[in-house]
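Participant: Using the sequences and the hints, build the whole thing.
So the chains spell out like this:
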Amino acid sequence: MSHDDAGSKPVAPSAANTSGEPWLRGKHHRKVDAMARMQGITRYTDDIKLPGMLHAKIKRSPHPHAKIISIDASRALAMPGVYAVVTGKDFPIPYGIIPWTPDETALAVDKALYVGDGVAAVAAVDEDTAIDALAAIDVQYEVLTPLYDPEEALAARDNPINPYSKKGNLSKKVLLEFGDVDAVLEGAALIVEGDYFFEGTTHGAIEPHCAVAMVERVERVEAGGDQEQGLLTVWSSTQVSHYLHRELSRVLTMPANRIRVIQPPLGGAFGGKSEPFDLEFCVAKLALITGRPVKLLYTREEVFYSHRGRHPMKMHYRTGFTQDGRMLGIDAKTFIDGGAYSSFGLVTTYYSGQLLCAPYRMDAYRFLSKRAYTNKPACGPKRGHGSVQPRFAIEVQLDKAAVALGLDPIELRRRNDLGSDTRTINEFAIGSNGFMECLRRVEEASEWKTRRPTLPLGRGLGVAGSTYISGTNYPIYPNAMPQAAVQVCLDRRAGRACFRAPTISAREAIRCWRSSSAKSSGCRCLIFVCCQRTRTCAPLTWEPTALASRSWLATRASMPLASCARKSARRSPNVGRCLRTEWP
Amino acid sequence: MTARLLRFSVNGEPVTVAVEPQRTLLEVLRYELDLIGSKQGCDKGDCGACTVQIDGLPRLSCLTLALAVEGRDIQTVEGLGRAHGGCHPLQDAMDRWDAAQCGFCTPGILMSAESLLRRSPGPVTRSEVREALAGNLCRCTGYTKIIDAVVDASEQMAAPRDETEAAQ
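Which chain is which? The protein sequence lines are A and B, in order. Counting from 998, one number per residue, gives the positions in the first sequence under the numbering used here. Counting from 4, one number per residue, gives the positions in the second sequence under the numbering used here.
By construction, these hints were calculated from the structure, which means they are not laboratory data. Glycine included, each C-beta is placed from N, C-alpha and C at the ideal position. Possibly wrong hints are sitting among the right ones.
[Stated by the list, open to error] Now the in silico label distances, taken between C-beta atoms and shown as ranges:
| no. | chain 1 | residue 1 | chain 2 | residue 2 | range |
| --- | --- | --- | --- | --- | --- |
| 1 | A | THR1451 | B | ALA137 | 24 to 34 Å |
| 2 | B | LEU60 | A | PRO1096 | 50 to 60 Å |
| 3 | A | ILE1128 | B | LEU36 | 21 to 31 Å |
| 4 | A | GLY1176 | B | GLY145 | 37 to 47 Å |
| 5 | B | TYR146 | A | SER1443 | 17 to 27 Å |
Facilitator: Here's what the structure looks like:
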């Protein structure tokens, strides 16, 4: 809601906690790290500068679908200031954020799948030299027929885009039915049927992706270890330091305990940095080859090539209503345009149907969603992952039903109240439910009844409801580790040091920790905080940028500390949920 | 290309640096002078994250060739709090209003907003703030809290609030 110049002045929040005031639960607190960000002190990934650092760039395919016949980097390698060139053949092991769909490689191995697919990377003394070197890498392509439309792609079974796809261009299909949809639609007084198309969006975080890699040689020869490879540290503007850690180990065939992933503060992400990207593998490989630190910063254009934005969806919906506006059932068919890789597509395909069953009640529901590979940048998760597109379709259908039945749109939604302490048709447990209260307040604040009929042509008031799941607490790689953790360490003077996980989504966890540790008189050392929104579990050292990955935490955590934290958690049961305090 | 010596002033201090003619002011600030507060978001003049002040006026440093600022006075976010004990009233207001989430666009917003406040005799209106920040994109926070904070800061600077009274 906008505040007009003439309108009432908003009230300034309390200035509490500027210095030394205790952190208390339930009080307004300033963000723990905002002031450093505003003073220009915070070091984001591109602010890292290491001695001897090289700069890397990625050569990208100009064709949407093309076989790579040959890559000749000899001219580039002969240029002064060029240190190394890598191609897809240097790391051919496929990976993927979802463990069941590893279908992308760091650089294209045999085929480029979209305009912008990486085919080679170069490390040079500076960015300009690297850009010049890219032009000197000769790539011979055999151009193949591109497929852009998901339905066309699915029909072209003999022209599979992704080399790892198992069923033509079908990336994922989900068909689920709850109740007898055909029967309830048969008996409906009103059927609303329509096609809806959502075109796709990208995240547009202001910080472009960036990664820096550094290799430290070690002299010590360990049994079974590879002393030649040394210790690899990768700083990356990623939301998923642990998954990146895991995939680096897999693709570079390096033991995980030789790799450290550090996540500096992020300049926005919104899901757009929540899986490994080509730049992280490239800087790591180039650092291993050259022995020098390597940085790669995407241009804004490359951010769009990496994409992983909200999926375009073609949706066909049939919804049945009774004469008094009660929703009986939905029959939904959805084509999802996935782009060249799976990304989170398996999840998106489920979400495109599963998240529709609240906040309205229905007797039956069926959805058939098919995600197709196309010759476009891969789509992935974006805020409200998978639920926004179907929500647009169903809310339009509700409005059409309201018009057909002569009902007020808010009233129609009220008549389909799901209620609290119940289950949705697809078995999601609903505890409390504030949707009716939301509707009431929206109706009041918008002056719905008085303003809506009087607005001029081109102006309107609309209403839509939505819902999202939380607390599923399911890690992508099933394991017994906590989803997020804060490790607290006592030094000899009983000072506290906190190893924490400040991803954007984990900031609330930090605030929670500061608030709760303030309350916890009697125990100086606390607290494992769990934040279900957070997929990382990373300790922060007191280096300004340091956020290391789980394997490092595991080697640092000691049993006495774990048992101390366990006792603390027992003493103060309300200070964050303690999932697990010892490390397996 | 041959580097040339460039002399200018950054946050009141004289600077001499060897610069190739194709370098932007943003590149020189960030990578030569290590003033990392100014950010590169798009490098093409769309996002405003690189906004600095040249002779007191907000300018996009990614579209300014470094050699074009010979002899000029550049202010970056690093110098913003200097006359205010490290924290400019704008930074304090943005902090209180929760107006910086990821903080990546914030330095540019601060430089645009500070220029507005310095040129305005009294408190500014919301529409003046909107106009002044039209060239700065934010993707996390949303603009409402940012506008709230700038208006609040302008009122504080016009008539400093008595904090002891406010606390009661």
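Participant: Check the structure against each numbered hint from earlier and tell me which ones fail, lowest number first.
Facilitator: none
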